[in-house]
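> Residues per chain are reported as follows:
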Amino acid sequence: MKKPSVFLFTFVVIYLVFLYAPIMLLPLFAFNDSSIIAFPLSGFTMDWFIGLMSENTLHRALKNSLIIAVTAAVISTCFGILTARAMARHDFIGKRPSFGLIMAPLFLPEIIIGVALLIVLIQLGVSLNIWTVILGHILICTPFSVSILYSAFNNMDRSIEEASLDLGETRFGTFRRVIFPLVKPGVIASILICFTISLDEFVIAFFLTGVEPTLPVYIWAQLRFPSKLPSIMALGFILLLISLILLAVFEYYRRKSEKLIGKS
Amino acid sequence: MALRSSFGTKWKRSFAGWRLIGGPFLFGFLLLLAPLFLMIALSLWTQDYLDLDRTPTLNNYRDIFSHPVYVMLIKRSVSISLFVTMVTVLLAFPMAYYISFYGGKYKAIWLFLITIPFWTSYLLRIFLWKIILGYNGVVNSSLLSLNLIEEPLSFILYNANAVVIALAHAWAPFAILPIFVSLERIDRSMLEAAKDLGDSAIRSFFRVTLPLAMPGIISAALIVFIPTIGDYVTPKLVGGKDGLMIANMIQVQFSKANNAPLGAALAITSLMTVLLISLGFLFFNRRYLRKQTQ
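Respectively, the protein sequence lines represent chains A and B. Residues in the first sequence are numbered from 1 upward in steps of one, following our numbering. Residues in the second sequence are numbered from 1 upward in steps of one, following our numbering.
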């Protein structure tokens, strides 16, 4: 392997510093013993983390976000399975347009999706609550689920399912006992990604949530109060650790998925 | 086609596909396509306090184009997004190039390394730029302590520059990944051939690598451009008064101003603008997309 030029290498290093600059500040200020977010740092404290434990609005927001993220992740992954399977194995009239519609949220600004849904819900007279947020999140998570699962379904060896059908297994049985185990790591990866996207999504939740805030909506409200900032930094640090754990689990299942499909 | 399957079996096969995709399609139809059409309809209505007048009229659009503030916001959103797209893609390309050509067996680790910062809350990531770029921020205090500047720089926060920096950061992986994929697809023997035939490194980069990487660059540009034009959080947090964008105005129409029809018209206008620019961009670059016969 030839070596990159000094120029390119220096650029890569500076660019990485740029990419990591914001999150490097999170732990610094989360443990900083000062209510002002500025340099120089003044000392170490765990107070901001301890303070989070008595924030009741935060706990409610977290509970709402978890309900929304779990529901949205499971439903969008089901949609992802159906769509990926249909795209990988079937030829049907209107295949491209229907696929285009399902993937469209990926290419639309979030504010457009949020506003469009808001208009419909208001016209229908539906009151805004966590279920309306779930609907919005399913819409934006499904394309991610499809892109994760499509390769799993597409690369799977057709003859395995045929063998199962030939040996007398029903279609449903084949799905449950042959296809599903093979795509299961992909399904788990999809659930994790959709969960993380939903947990972090702000704009749609901001438009579609009623009186019950989600976690990002709660954070947004807190950002206005300078005195709340250190505890928000602490919260952000916890969230970062959780996402990194989820990401590591995701990576594990994604690799497992690749191996399984590769072997078959 | 006609020889292999008759019309009837085609319908039968269609049914099998639709049985699977029907649910997700219906969901998308009811919660995306129908709402978008309703949004178009709403943009043609007018609202007087609480009453919605359903006679179709183009008044909202006339309002938008006759009020300088709306036109200015749309223009500003477009120019900020175009600038963000340019900066993001220009910065992402060398990174993707490095991973693809020098990553060796650590490519996956490199990609992982690039995505890690983006698993922090989006709101907090943008907010942290405020701390970095602020009056007492990281940049200013370090420049001051190095005696490089006399007083804190003020042109880096609460304006369009800050929005560009924060967005170029937020969308980095979305630009790096597609470019990386297109670079990976380049047959390395083509580069060797160029070299053997006497092309210098720079010439072969511009004549072989860059044209072949264009599909990735084009999709990176679109992936960054389309969503950033509608970004709400970044202008609101770091944009100040001079960095506000169209999404902020749309939100105001749906809340404080209580003029949903005008908000819908603004949303449609910006969506159309994005669409036209993207199509123009694709048309302009069509030769790169056609060549790719993978």
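Simulated from the structure, these hints should not be mistaken for lab results. Backbone N, C-alpha and C define an ideal beta-carbon position, used for all residues, glycine too. Watch out, some of these pointers could steer you wrong.
Said to hold, decoys possible - Straight-line C-alpha distance at most 30 angstroms; calculated DSS-like pairs for lysine-lysine:
1) K63/A with K107/B
2) K184/A with K130/B
3) K105/B with K195/B
4) K130/B with K228/A
Said to hold, decoys possible - Simulated restraints, written as ranges between beta carbons of each label pair:
5) I116/B with F9/A: 29 to 39 angstroms
6) L197/B with F9/A: 24 to 34 angstroms
7) S34/A with T55/B: 58 to 68 angstroms
8) L241/A with N59/B: 46 to 56 angstroms
9) D53/B with K256/A: 52 to 62 angstroms
10) K256/A with S154/B: 31 to 41 angstroms
11) I245/A with R19/B: 29 to 39 angstroms
12) K105/B with I14/A: 20 to 30 angstroms
13) L113/B with P226/A: 27 to 37 angstroms
14) S159/A with P211/B: 33 to 43 angstroms
> Does each hint hold? Answer for all of them.
Hint-by-hint comparison with the structure:
1. K63/A with K107/B: Between K63/A and K107/B the Cα gap is close to 38 angstroms, so the pair fails against 30 angstroms, i.e. violated.
2. K184/A with K130/B: Status violated; Cα separation ~42 angstroms.
3. K105/B with K195/B: Distance of about 24 angstroms is within 30 angstroms: holds.
4. K130/B with K228/A: Within the cut-off at roughly 15 angstroms; holds.
5. I116/B with F9/A: 29 to 39 angstroms: Check failed, 20 angstroms falls outside 29 to 39 angstroms.
6. L197/B with F9/A: 24 to 34 angstroms: 28 angstroms Cβ-Cβ, so the 24 to 34 angstroms window holds.
7. S34/A with T55/B: 58 to 68 angstroms: Distance hint for S34/A, T55/B holds at roughly 59 angstroms.
8. L241/A with N59/B: 46 to 56 angstroms: holds, 52 angstroms
9. D53/B with K256/A: 52 to 62 angstroms: holds, 58 angstroms
10. K256/A with S154/B: 31 to 41 angstroms: violated, 52 angstroms
11. I245/A with R19/B: 29 to 39 angstroms: With a Cβ separation near 38 angstroms, I245/A and R19/B satisfy 29 to 39 angstroms, so the hint holds.
12. K105/B with I14/A: 20 to 30 angstroms: holds, 24 angstroms
13. L113/B with P226/A: 27 to 37 angstroms: Holds, at about 33 angstroms.
14. S159/A with P211/B: 33 to 43 angstroms: holds, 40 angstroms
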